[in-house]
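Protein chains: 2
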Amino acid sequence: MHQSLNRQWLLVKRPVGHPKKTDFEYREVDIPEPGDGEILLQILYALVDPAQRGWMDAGGNYWNPLPLGQPVRSGILAKVVKSNSAQHPVGQFVMGVAGWQDFAVVPEGSVDPIPYDGTQDLRAFSHALGSKGATAYFGLFDVCNLQDGEQVLVSSAAGAVGSLVVQLAKIKGCKVVGVAGGTEKCAWVLGELGADAVIDYRATENMSEAIAEHFPDGLDVYFDNVGGEILEAAMNNLAIGARIGICGMIADYNVSDRVGPRNMWNLLVKRARIEGFLVADYRARYHEAQAHIGVWIDQEKIKYKIDERAGFENLPATLNCLFTGDHDGRMILKLTDDDGIS
Amino acid sequence: MHQSLNRQWLLVKRPVGHPKKTDFEYREVDIPEPGDGEILLQILYALVDPAQRGWMDAGGNYWNPLPLGQPVRSGILAKVVKSNSAQHPVGQFVMGVAGWQDFAVVPEGSVDPIPYDGTQDLRAFSHALGSKGATAYFGLFDVCNLQDGEQVLVSSAAGAVGSLVVQLAKIKGCKVVGVAGGTEKCAWVLGELGADAVIDYRATENMSEAIAEHFPDGLDVYFDNVGGEILEAAMNNLAIGARIGICGMIADYNVSDRVGPRNMWNLLVKRARIEGFLVADYRARYHEAQAHIGVWIDQEKIKYKIDERAGFENLPATLNCLFTGDHDGRMILKLTDDDGIS
Numbered sequence: 001m002h003q004s005l006n007r008q009w010l011l012v013k014r015p016v017g018h019p020k021k022t023d024f025e026y027r028e029v030d031i032p033e034p035g036d037g038e039i040l041l042q043i044l045y046a047l048v049d050p051a052q053r054g055w056m057d058a059g060g061n062y063w064n065p066l067p068l069g070q071p072v073r074s075g076i077l078a079k080v081v082k083s084n085s086a087q088h089p090v091g092q093f094v095m096g097v098a099g100w101q102d103f104a105v106v107p108e109g110s111v112d113p114i115p116y117d118g119t120q121d122l123r124a125f126s127h128a129l130g131s132k133g134a135t136a137y138f139g140l141f142d143v144c145n146l147q148d149g150e151q152v153l154v155s156s157a158a159g160a161v162g163s164l165v166v167q168l169a170k171i172k173g174c175k176v177v178g179v180a181g182g183t184e185k186c187a188w189v190l191g192e193l194g195a196d197a198v199i200d201y202r203a204t205e206n207m208s209e210a211i212a213e214h215f216p217d218g219l220d221v222y223f224d225n226v227g228g229e230i231l232e233a234a235m236n237n238l239a240i241g242a243r244i245g246i247c248g249m250i251a252d253y254n255v256s257d258r259v260g261p262r263n264m265w266n267l268l269v270k271r272a273r274i275e276g277f278l279v280a281d282y283r284a285r286y287h288e289a290q291a292h293i294g295v296w297i298d299q300e301k302i303k304y305k306i307d308e309r310a311g312f313e314n315l316p317a318t319l320n321c322l323f324t325g326d327h328d329g330r331m332i333l334k335l336t337d338d339d340g341i342s
Numbered sequence: 001m002h003q004s005l006n007r008q009w010l011l012v013k014r015p016v017g018h019p020k021k022t023d024f025e026y027r028e029v030d031i032p033e034p035g036d037g038e039i040l041l042q043i044l045y046a047l048v049d050p051a052q053r054g055w056m057d058a059g060g061n062y063w064n065p066l067p068l069g070q071p072v073r074s075g076i077l078a079k080v081v082k083s084n085s086a087q088h089p090v091g092q093f094v095m096g097v098a099g100w101q102d103f104a105v106v107p108e109g110s111v112d113p114i115p116y117d118g119t120q121d122l123r124a125f126s127h128a129l130g131s132k133g134a135t136a137y138f139g140l141f142d143v144c145n146l147q148d149g150e151q152v153l154v155s156s157a158a159g160a161v162g163s164l165v166v167q168l169a170k171i172k173g174c175k176v177v178g179v180a181g182g183t184e185k186c187a188w189v190l191g192e193l194g195a196d197a198v199i200d201y202r203a204t205e206n207m208s209e210a211i212a213e214h215f216p217d218g219l220d221v222y223f224d225n226v227g228g229e230i231l232e233a234a235m236n237n238l239a240i241g242a243r244i245g246i247c248g249m250i251a252d253y254n255v256s257d258r259v260g261p262r263n264m265w266n267l268l269v270k271r272a273r274i275e276g277f278l279v280a281d282y283r284a285r286y287h288e289a290q291a292h293i294g295v296w297i298d299q300e301k302i303k304y305k306i307d308e309r310a311g312f313e314n315l316p317a318t319l320n321c322l323f324t325g326d327h328d329g330r331m332i333l334k335l336t337d338d339d340g341i342s
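Note that the protein sequences, when read in sequence, are chains A and B. Under the numbering used here, the first residue of the first sequence carries the number 1, and numbering increases by one thereafter. Under the numbering used here, the first residue of the second sequence carries the number 1, and numbering increases by one thereafter.
Bear in mind the hints are in silico, worked out from the structure with no lab data behind them. Mixed in with the good hints, there may be bad ones.
Given that identical chains are not distinguished, each listed pair holds provided it fits within a single copy or across any two copies.
Derived lysine-lysine pairs resembling DSSO-like cross-links, with alpha carbons at most 30 Å apart [as the list claims (entries may be wrong)]:
1. K172 to K270
2. K270 to K13
3. K79 to K21
4. K172 to K82
5. K270 to K20
6. K170 to K305
Next comes chain A alone, as it looks inside the complex (with noise of 0.2 Å):
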C-alpha cells in the first residue's frame, strides 16, 4: 500500500440513455480507516458489467438507487490490506461490490473471499470463477433446470455469461445454439466455443424462422441475456415443457419504450415457463459453481477471454465500451501495478 490517496469516480448525474463523461466527477481523497468488524480493501480489478448502467438510475432496479456524489457502484477483485476482522486476514483476496476507487472500507461478510492460492490466473475470478460463471451455471441448471441432451438457445452468446452457457450446454451433451451480431463474433462461438450453429441476428431477417430451422421440434432451453425481439422469436419455439431463463435484458437498459412478447399464449399451449433470476441470490453456493467450472477450465471444456482495460481515468469511457460494442471479451480494469500479486 505505497499510494496515499484515493482515487474516485463519483457518480454526479443520473444517465439518460448511455452514460456520457459528464455524469461522472473525478477526486482524490485519503484513504479511509476500517472501523471495528471493518477492512480496508485495495481494488486491483474493477469489473465493467452492463448491470452497472442499471443501478445508476433513480428506481425501478433491483438494487438501491446509487445516490449521487458516492463513488460508482462497480465489482471489483481486491485484497485486504487492514482488518478489523477474524474473517478476513490481511491479505486475503475477495469478490464483490464496491465502487470505482482505489480503496474502500466494508463491513466484514459483505465481500466473499475467493479461493486464489497465487497458481491460478486471478481475473478468472472476474469470468468464469466469479460471479458470470455463477450467472452461467445457476441459471441454466438451477433457473433452466437443464437436462443432458436438450435442445438450447443462447443469446449473447459471445458476452461472458452467453460463452460459459454455451460451454456448460455442450458439456451436457446438448444441441446447443447461440445467438451473436457479427461475423467475429459469430466465427468465435462455433470455432472456439463449439456451439452447433450461430445465428448472426444483425444478418437476420426473421429471428423466428432462423430459430425454426435449427430447432424444427422446438426449443426446450432458451437463455436469454436481452429480452425484447428475440425474446419473442424464441417463444414462438418452444418445445413442450420449455423453460426460458431470464438473465438481462441489455435491448431493454436505455430505452424507454418497451415492447412486450405477443405471443404469452406460447406459455400456456406448451406449458412453458419465463423465470427471472438474479445471481446474487445464488452468493451462499458461489463455490459449487467455482468448484465444477474449475474442473472444466482444468479439463480446458470452458474458455473464457477477458479484455483487460488499464488507466483509473479511463474508467467512464471503459464503461461505454460495453454499449458500443467495442470490446472483446469480459471487459476489467486493472487500477494500479501495485497490486502485491507478483
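Assemble chain B onto chain A, guided by the hints.
Frame of chain A, contents of chain B only:
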C-alpha cells in the same frame, strides 16, 4: 338406453371470432357399437368451456385441431352403457372428453372413472371434483407453489376455476383479491367466496394502481385466467420471488391482434416466474385433488355454482353464452332425462 338415435352437433366451419350457429350442423345417426377394448358411453352432461373455442381453430392450440364434420369436442360426464373393457364395467360413471352427441364409442383408458357413489351431486364432477377443481388445485399448489399466508391475486374470480382458487387460497390463510366484471359477480366473490377484496375491472380505470392499493408489498402469486392487460397490471406489482400461473387467456381467444406485457423486465428485477399449464398433464393425479377438495366440500369450505341448461338443441347457443357473459356459474347442459341416476 331407450333412445334409438344418436343426436349430434357437428363442427362444419371454423369460427372467426365468436362461434356462430352456422358454424355447426345438427344430424341424427345410428348409435355406434363398441369394438374390442372399446366402450359405449351415454353422455349425460356436456360441459361448456372456453377451451372448446380454441379446439375449433385450425392450429396453434394444444390439441390437434378438430376435423370439420366431426361432433364438437367437449368435456362430458357419462355412463358406460356397453363395455368391451374390464377397466370400465357397465354402469360406471366417467368424466373426460368426447363430442356433442348422445352416445360415443371411446377406447378404454381414454376417460376417467369417477368415484360417484350415488350420494354426491354428480354435477360436482363437472366442477370442483372435476377438471375445474384439478385446475385450481394443481395450478395453485404445484405451478404457483402457493405457501400459507401469501398475497394472492386471482382473475376471473367469479369463474369456475377462479372461484375455486379464491377459496383454496383462503383455506391456506392467504390474503386473496379477486378480479371480476360487474357488481353482481363482485358481490358474490366477496360475500360468498370470502375473498378479502374484489376489483371490478369494468369499473376500474387503472388496474395496475388498483392492484397496488391492495398489495402495497406486491403479489406473491397471480393466478391468471385472462392474460392481456390484467396480466401486465399484475406484473407491475410483483413481490420478490412471485409466481404467475397462466391457466387461461380468454382475453386472447377471439382476437388476432395481441399485445404483450411491456414489463417483462420486472421478472428479472423480482426474480419472478410465469408458467403456463394444462390440467390434462395432471390427469394421473386428479384423485389427489378430488380427495382434498371432497373433504373441503363436506366441511362447507368450498362452494361451487352450476348453471345447468337443458335441451340438446341449445348446445351452440349455450357455448356462446360463455363469451357474452350470460351465465351464472359453471355451465353444463343436461342431454337427457333418462340418465339412469335417479
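Tested hints:
no.: 1; hint: K172 to K270; verdict: both (24 Å within a copy, 29 Å between copies)
no.: 2; hint: K270 to K13; verdict: between (45 Å within a copy, 26 Å between copies)
no.: 3; hint: K79 to K21; verdict: within (28 Å within a copy, 77 Å between copies)
no.: 4; hint: K172 to K82; verdict: neither (43 Å within a copy, 52 Å between copies)
no.: 5; hint: K270 to K20; verdict: between (43 Å within a copy, 28 Å between copies)
no.: 6; hint: K170 to K305; verdict: within (18 Å within a copy, 53 Å between copies)
Checked against the numbered hints above, the structure breaks only hint 4 and satisfies the rest.
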